[in-house]
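Reassemble the complex: the two chains are provided individually, in unrelated frames, and hints are given to aid placement.
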Amino acid sequence: GDSVTQMEGPVTLSEEAFLTINCTYTATGYPSLFWYVQYPGEGLQLLLKATKADDKGSNKGFEATYRKETTSFHLEKGSVQVSDSAVYFCALSLNTGFQKLVFGTGTRLLVSP
Amino acid sequence: SAVISQKPSRDICQRGTSLTIQCQVDSQVTMMFWYRQQPGQSLTLIATANQGSEATYESGFVIDKFPISRPNLTFSTLTVSNMSPEDSSIYLCSVGASSYEQYFGPGTRLTVT
Chain W
1 GDSVTQMEGP
11 VTLSEEAFLT
21 INCTYTATGY
31 PSLFWYVQYP
41 GEGLQLLLKA
51 TKADDKGSNK
61 GFEATYRKET
71 TSFHLEKGSV
81 QVSDSAVYFC
91 ALSLNTGFQK
101 LVFGTGTRLL
111 VSP
Chain C
114 SAVISQKPSR
124 DICQRGTSLT
134 IQCQVDSQVT
144 MMFWYRQQPG
154 QSLTLIATAN
164 QGSEATYESG
174 FVIDKFPISR
184 PNLTFSTLTV
194 SNMSPEDSSI
204 YLCSVGASSY
214 EQYFGPGTRL
224 TVT
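Protein chains in written order, with this note's numbering: chain W, 1 to 113; chain C, 114 to 226.
In case anyone wonders, no lab produced these hints; they're calculated from the structure.
Some clues are possibly wrong.
[To be verified] In the DSSO-like style, the derived pairs of lysine-lysine whose C-alpha atoms are separated by at most 27 Å in a straight line are:
{"no.": "1", "chain 1": "W", "residue 1": "Lys56", "chain 2": "W", "residue 2": "Lys77"}
{"no.": "2", "chain 1": "W", "residue 1": "Lys52", "chain 2": "C", "residue 2": "Lys178"}
{"no.": "3", "chain 1": "W", "residue 1": "Lys52", "chain 2": "W", "residue 2": "Lys68"}
{"no.": "4", "chain 1": "W", "residue 1": "Lys77", "chain 2": "W", "residue 2": "Lys60"}
{"no.": "5", "chain 1": "W", "residue 1": "Lys52", "chain 2": "W", "residue 2": "Lys100"}
{"no.": "6", "chain 1": "C", "residue 1": "Lys178", "chain 2": "W", "residue 2": "Lys100"}
[As the list claims (entries may be wrong)] Residues of chain C clear of chain W, computed beta-carbon distances all greater than 10 Å:
{"no.": "7", "residue": "Cys126"}
{"no.": "8", "residue": "Glu167"}
{"no.": "9", "residue": "Pro184"}
All residues carry an ideal CB built from backbone N, CA and C; glycine is no exception.
So here's chain C without its partners, still in its complex pose (with noise of 0.2 Å):
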């Protein structure tokens, strides 16, 4: 399996303002998610970064709220635009793998005061 890193970890932010969030991945890969996991909650997609192609965006998920960068097959970014309490969640970034199944970082823990 992969081994994927997040930066920052954690990061307390004030409203208006911006987050970018780094996932790196050990080997190259094609597929990249973008994840939400609001306090209490299950995960849900955000968008899917595919290198050399623009982001897929799910329902409720806009890029010029979460615009996402993919510039290589190890690295991508998503910001967080604007940032609102309602931000306030834990944002994980993971990668495909052969079988279907999908490996995870270890996530950016996000507040917003």
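This is chain W alone, in the form it adopts within the complex (with noise of 0.2 Å):
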């Protein structure tokens, strides 16, 4: 079945170092990739899509790449900030009428000052 699998977290940095959390999906069809992003207390946010193969989605500093060849769509930031702590979520859409989402296992990220 269509799954996504998420780099186990929690991720410690300090403010200033660079961010990766992997994600690899599994997907019968041609899917939709996305990060969410879910702040302490608060619901999910959209954080940045790719919609086709080779795709870079960018918000917020943040960047990932669709990776076709390798399944993969990896969040990467050059310079995370305390402000980046939260729960990142990596998640697959079958672009079938359905729009069912299915989402990864989360990854913390905890930046420290």
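The structure is reproduced here in structure tokens:
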């Protein structure tokens, strides 16, 4: 079945460090890929997306590139801030009328000053 | 993106009782979704609620336990029936958007004692 695998957390970094959160997927078709972020005590916010191979999604300094050959969508940021501390979820949608989202398990990021 | 509100934001309930969660959207949407996020876990889709049709439930979720209403294009309710402590979770509604992403409400944090 369709699934998303994320790296285990928590990821602990110092402010201004480089961030990578790995995400790989398994899908029968050609999915759209998303990163969502959940700040403490809040709901999910869409961070970025990519709808086809080689697309790069970007927002708030975060980037992720849709790699069809490696079925990956790794999240990166060049310099993290304390305010980036949150849980990050990778997800896919199968681009069918049903529009179902499949989520990874989430990766908690902790950034210290 | 749509603005989504949920009521209540949190509740503490006795086992054996039921709670109805409301989800209101500021624009008309075709697809609405209900998710459960158990403590420290990822999101699991409970059901898809389209206006004018019966909700479609995911494996492991049944209508008797989680009845859903969708009376119009801006509103939906999810009822958690005959609650047990295992139902303690965050319940989130979301709406589908044009590029297969979804936008989420702030969630309802339910504790069953």
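Here is how each hint holds up against the structure:
1. W:Lys56 with W:Lys77: holds (13 Å)
2. W:Lys52 with C:Lys178: violated (38 Å)
3. W:Lys52 with W:Lys68: holds (8 Å)
4. W:Lys77 with W:Lys60: holds (9 Å)
5. W:Lys52 with W:Lys100: holds (17 Å)
6. C:Lys178 with W:Lys100: holds (21 Å)
7. Cys126: holds (20 Å)
8. Glu167: holds (14 Å)
9. Pro184: Given that every Cβ of chain W is farther than 10 Å from that of C:Pro184, nearest at about 21 Å, it holds.
Of the hints listed earlier, the one the structure fails to meet is number 2.
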